[in-house]
Amino acid sequence: DAKTTQPPSMDCAEGRAANLPCNHSTISGNEYVYWYRQIHSQGPQYIIHGLKNNETNEMASLIITEDRKSSTLILPHATLRDTAVYYCIVRLNYGQNFVFGPGTRLSVLP
Amino acid sequence: GAVVSQHPSRVICKSGTSVKIECRSLDFQATTMFWYRQFPKQSLMLMATSNEGSKATYEQGVEKDKFLINHASLTLSTLTVTSAHPEDSSFYICSASAGNGYTFGSGTRLTVV
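As given, the protein sequences belong to chains A and W, one line each in that order.
Per our numbering, the first sequence starts with residue 6, numbered consecutively.
Per our numbering, the second sequence starts with residue 3, numbered consecutively.
Just chain A, with the same shape it has in the complex (with noise of 0.2 Å):
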């Protein structure tokens, strides 16, 4: 089972921040959060991981919380090619696969 919980569905509209939170209470302490897309009939694409700091790249930022037992996404400026369903996994680094939960379909309106 996902070890992670994900509202089903957001919207946000084109230009604004989205801000996808996703729930990791039994998170353990060597245990990353990856964060994957899911255009529709497309595999998934890497967005970002982080163990305890906050993260940054071209793509999102990834904010942790000091407990571990959250996190959120942020898109900054979100565009409509961003509709997807957005996976948060938690695993260890090396060896576990992914074990993807429902995720949430982010829909991005004009």
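Since the hints were derived computationally from the structure, they do not count as laboratory data.
Beta carbons: idealized from backbone N, C-alpha and C, even for Gly.
Each hint can be trusted.
Just some of the chain W residues that point at chain A, by a computed CB distance under 8 Å:
hint, residue
1, S45
2, I95
3, G103
4, Y104
5, T105
6, F106
7, R111
Chain A regions said to be covered by chain W (calculated; three or more residues, Cβ under 8 Å):
hint, segment
8, 47-55
9, 101-111
Chain A is already provided as a structure; the job is to place chain W on it using the hints.
Here is chain W on its own, set in the frame of chain A:
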């Protein structure tokens, strides 16, 4: 960045025939690859772990004789759906480890008629 190529992207086959799906790591070597299946409006479900040079490890409920996996080289794993039936129609996706994360193929849409 690391690229995983999956072929074909879509295939239609007749019931009872076999279909082979290829997963290649283009610019890195992958001792382990994973095969997932995704039914409409559902999430990805792991089917099996493909290990180079050894037998694949199948998840509970996945028939190893029906879903044959071969990982003969560090850059290629194949999944063969044998004696396909309409209920095998699904989106099949492979992934391989590249650095800290995993790269996924673009998926194969299998339709069995």
